[in-house]
Structures are given as C-alpha cells and as structure tokens.
Amino acid sequence: MTHTLAEHEPGFVPPVDAAVKIAVKGLDFFYGDFQALTDITCDIKANAVTAFIGPSGCGKSTFLRCFNRMNDLIIGSKVEGLITLDGQDIYAAGVDPVDLRRRIGMIFQQPNPFPMSIYDNVAYGPRLHGMKKKSELDEVVEMSLKRANVWKEVKDILGRGGLTLSGGQQQRLCIARVLAVQPDVLLMDEPCSAIDPTSVQKIEDLMAELKSSVTIIIVTHNMQQAARVSDDTAFFLQEVMGEPAMLVEFGRTPEIFTSPKDKRTEDYITGRFG
Amino acid sequence: MRESFRKELKDLKSSVLDIGHTIVDVTHMAVKALVEGDVELAEQVIAGDDDIDIRCLAIEEHSLEIIATQFPVARDLRLLHSLGYISMHFERMGDLGVNIAKAARRTAERRGPQTLYDLIQAQGNLVHRVLEAMLESLDKKDIELAARLQDMDEPIDHLFKQFFRELARLQDEEDIEWASSMVLASRYLERIADHAVDIGDRVTYMVTGQFEAPAEEEEA
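Going line by line, the protein sequences match chains A and B.
Start counting the first sequence at 0; every next residue gets the next number (numbering that gives the first Met the number 0).
Start counting the second sequence at 0; every next residue gets the next number (numbering that gives the first Met the number 0).
FYI, nobody ran anything at the bench for these hints, they're computed from the structure.
What you are looking at is a predicted structure, and each value in this text was computed from that prediction instead of being measured.
Glycine is no exception: its CB is placed at the ideal position from the N, C-alpha and C atoms.
Honestly, I wouldn't trust all of these hints.
[Stated by the list, open to error] Label pairs and their calculated CB-CB ranges:
id, chain 1, residue 1, chain 2, residue 2, range
1, A, Gly241, B, Phe70, 26 to 34 Å
2, B, Phe70, A, Ala91, 38 to 46 Å
3, B, His20, A, Tyr30, 57 to 65 Å
4, B, Asp49, A, Phe107, 55 to 63 Å
5, A, Asp38, B, Phe70, 27 to 35 Å
6, A, Met115, B, Phe70, 39 to 47 Å
7, A, Ser165, B, Thr68, 25 to 33 Å
[To be verified] Taking lysine to aspartate or glutamate and the EDC-like style, the derived pairs with C-alpha atoms no more than 20 Å apart in a straight line are:
id, chain 1, residue 1, chain 2, residue 2
8, A, Lys262, B, Asp24
9, A, Lys145, A, Asp183
10, A, Lys260, B, Glu64
11, B, Lys9, A, Glu265
12, A, Lys151, A, Asp137
13, B, Lys160, B, Asp150
14, B, Lys139, B, Asp197
15, B, Lys140, A, Asp266
16, A, Lys260, A, Asp183
17, A, Lys151, A, Asp183
18, A, Lys154, A, Asp137
19, B, Lys140, A, Glu265
20, A, Lys132, A, Glu152
21, B, Lys12, B, Asp24
22, A, Lys262, B, Asp49
23, B, Lys9, A, Asp266
24, B, Lys6, A, Asp137
25, B, Lys6, A, Glu265
26, B, Lys140, A, Asp27
27, A, Lys154, A, Asp119
28, A, Lys145, A, Asp119
29, A, Lys77, A, Asp27
30, B, Lys6, B, Asp24
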C-alpha cells in the first residue's frame, strides 16, 4: 500500500508542475548561528529567465547558491525547507552534488576560464563525463561556442589560451563551457558587471536565445538589465540588519516594474532606498 | 541624482496642471464669448491655442527625455506616462475650446432665444465643475474624486440632449447655420467633459496601477 505524505509531514514533495523547473518551499538558510534567509517560497518557471534583485547583502546570491548546493562548501552552513528540481528534492540523501552541478551550471561575476586552450576549456566537462572521441568533442565544442555567441570570434584560434581573450569573450567562453555538459538550469551571479557594454548586449541576447532550452536565473544589481532580460523578478530584502533576508515580492517582470504590489519593492526599484 | 529626477517629475506635473488651468480658462472664455456674442473674446481664445499646443508638445518632449535618461519605473513611470497622456487630452480639449469660440464668432451677429443661451451657460457651468474636480484629483492624487467625475458628467450629456430638442423645435424660425453652430458648441462642451472623465480614469491608473475599463460612450 502506498502512503501519501501530507504537506506538513517531513519528506513531503509537492506534485510536479511541468511549467515549474525549481520549486522552493519554506526555505531557511543559516551561516552557522546567523540566519541569512527566512521562509522563502517560490516557483522558478522552466524555460524562462528569472531575475533576483535587491540591495547588497539581501541574500540573493546566497539563495542562488542553494540551487546547486554551492553553499555546502561553506563550513557550518545549513539549509532547511525544500528545493526541488523537476520534482526531486535536491538536498535528499543520495543526491550527488557533482551530478547536480552538471545539471545546474553556474556563471560568476568574474570570468574564470581555466588556464588552458579555448578548445580544452569547452571540452573539459564532456571529457570529465567520459567523452573521448575527437569528432564528438569537436562537435560539442563547436555547438557550445555557437550557443554562447562566441564561435565566430574564436573558431580560428581554438588552440589559443582562454585567458588571452577579452573579458566579455572570456565570460561567453565560460558560458560555452557550462553549456557543453548540457545543463537544465543556468545560474548567473552578476554575469555582466565586469564586462564591456557590447559583451553585455551579447550575453543578454544569448540569454533570450538559450531560454528555449535552459532555465535561467540571474542575480543582477542592474535593474534595467533585470527588466530587459527576465520574465519573472524576485525582490529580496533584509529589512533589519542582523535579521534574515526575505523574499518580498515575486511576479511577472513587466508587472514588478510598472505596478509592484509591495511598497518596499516600489521604493527600491524607484531608487527611494538601497 | 534621484532627488533631481524627482524634482523634474514634480515640475513636469506642475506644468501639466498649469496647462489644465489654462483649459479651464479657455473653456470659460469660449462659453462666455458664445453666450454674450463677444467676438473679441472668441478671437482671443482662438489666438491662444498655439500656445497650448506648444506647451503640450514640450511636455511630450520632456517626458521622452526623462524616459531616455532616467529609466523610470513603477509609480514614476506611471506618473510620467500618465502626464504625457493627459497633456494629449488637454491639447484636444484646447481644440474643442477653439471650436466653441469659432461657433461664437459665427453666431455673434444674430441673437437667438434666451432659453438656448441659458442652457449653454448651464452646461458650461457644469463642465467648469468637472474640469476643476479633474484637476484637483490629478493634483492631490484623489482617486475617489476621480471616480466621481463620471457621475458629474451625466447631467452635461442630458443638457446636450435637451439643447438638441429645444433647437429642433425652433427650426422654422431660426436659420440653419445659426442652429447648427449652437448645437455643435453644445456637443464640444460635452466632449470636453468626456476628456476630463478619461483623465480621471488615468489618475486612477497613475495611483493604483490598475486600468479602469473605459465607460461606454452613449450615442448622442
């Protein structure tokens, strides 16, 4: 006989909604004794771009790192509540964080190519997962660089070091490196704050192209960027210093930027504080 | 930076309100010219329309500059967008005032029955009330007052219909051109009030972020 868990019972996993890629329910996050996030509940839609905005220190990057369990690497950190990816609890026993990080790739503020050739940067992940045939690797490298909108610029210099590229090209190389292992989700933590405006435009364009196949979550301090690129926006706020941050409002981006429901959201996005 | 931006928005709103007060004056003067047969006053209204058009255009240009440079969002965006929309209404209301003034110019040479002048004056007084209330709702962001504009507009529509009926009775005695100019003037007044009601809906949007469905327009 199958026992169906009630919502309040430990181990309960809500039914899967196909439009929801990541579901978060009652999430609390702690750095040791300090609670950084409290009671966060939201659904991240599949094949959409979701932007996290809020003042510095409001926990948006902390929250982002919960999705690929990057916070596990911080000693003393603790997650309570539930995060599911396609209905599966990502913190459940038996989930391999390395495999999870293949499914949920991450791009950081500073481009961080490996000190190796452009080709090897992109081939690194597929090789790690056992791909050996040169022809297969060639195909993945080309396809990934194309998807990352950087192929035309590097196709004749694939043997050159990744670190010789410009900042914007390096960031797109990093995106290609993530895409090479075919992730379901792409986490982007301030991906455009350290690069030139032309590259920013290219990355924003590629986000629009990629979302048909990848779910994207972006943390950005640039509210115009959030408004331009995202479908949904989440506004985080730590109202009192020393208290945990919370998710104040989550909604469709056009609504958040024209008629936000919460006055704190309105005050933040119109520059009245923060 | 944000402080100067907010001052710019405040100044822009003041400029729009100033145009609104000019519209009140223009409407008042146009009705007076019509009722008193004052051609000089009518010419003054007609001559002043270019100035209203220029001021409305300046609002639009300034709004565009602010959008391009300050990236307003939420209540600031709604305010800015609404001010542009309202100034567009003012420009049309100014044109309607000119139309009434032109009717005054055409009808000044003959004197019709006093009942009709009284009706036009009564209609003008009601329109004046609606315009003042509309400006107050915009100035104070008073959405309750904005919502009452629709009710305040109804007697104006009734007066227009009454005016039309009175004219129909007079058709044998009065010449057609005089009669048609007068009925058109009454219609223009009614249209000015309709614009004010639309502006009231925009004030509601500006404050709440919710669009009101436009009221069904009755056929005259």
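Review point. Under the criterion that the straight-line Cα-Cα distance not exceed 20 Å, is the pair A:Lys154, A:Asp119 satisfied?
Key: The given pair, whose Cα atoms are some 13 Å apart, holds under the 20 Å limit.
**Study point:** Given hint B:Glu64 paired with A:Lys260 - CA-CA distance at most 20 Å
**Key:** violated (27 Å)
Review point. Straight-line Cα separation of A:Lys262 and B:Asp24 no greater than 20 Å?
Key: violated (38 Å)
Practice item. Please work out if B:Lys140 and A:Glu265 have their alpha carbons no farther apart than 20 Å. Key: holds (17 Å)
Check your understanding: Would the pair B:Lys12 and B:Asp24 pass a check requiring their Cα atoms to be no farther apart than 20 Å?
Key -> Judged against 20 Å, a Cα distance of about 19 Å means the pair holds.
Review point. Under the criterion that the straight-line Cα-Cα distance not exceed 20 Å, is the pair B:Lys6, A:Glu265 satisfied?
Key: Answer holds: B:Lys6 to A:Glu265 is near 18 Å, not above 20 Å.
Exercise for review: Quickly compare the C-alpha distance for A:Lys151 and A:Asp137 to 20 Å and report which way the hint goes.
Suggested key: holds (15 Å)
Review point. Are the Cα atoms of A:Lys154 and A:Asp137 separated by 20 Å or less?
Key: Since the Cα atoms of A:Lys154 and A:Asp137 sit roughly 11 Å apart, the hinted pair holds (cutoff 20 Å).
Practice item. Take the C-alpha atoms of A:Lys145 and A:Asp119, compute the straight-line distance between them, and say whether it is at most 20 Å. Key: Since the Cα atoms of A:Lys145 and A:Asp119 sit roughly 16 Å apart, the hinted pair holds (cutoff 20 Å).
**Study point:** Restraint check for B:Lys9 with A:Asp266, where alpha carbons must lie at most 20 Å apart
**Key:** Distance of about 17 Å is within 20 Å: holds.
Practice item. Please work out if B:Lys160 and B:Asp150 have their alpha carbons no farther apart than 20 Å. Key: Judged against 20 Å, a Cα distance of about 16 Å means the pair holds.
Review point. Is B:Lys139 close enough to B:Asp197, meaning Cα to Cα at most 20 Å?
Key: The hint holds at about 17 Å.
Comparing the model with each numbered hint stated earlier shows that hints 8, 10, 16, 17, 20, 22, 24, 26, 30 do not hold.
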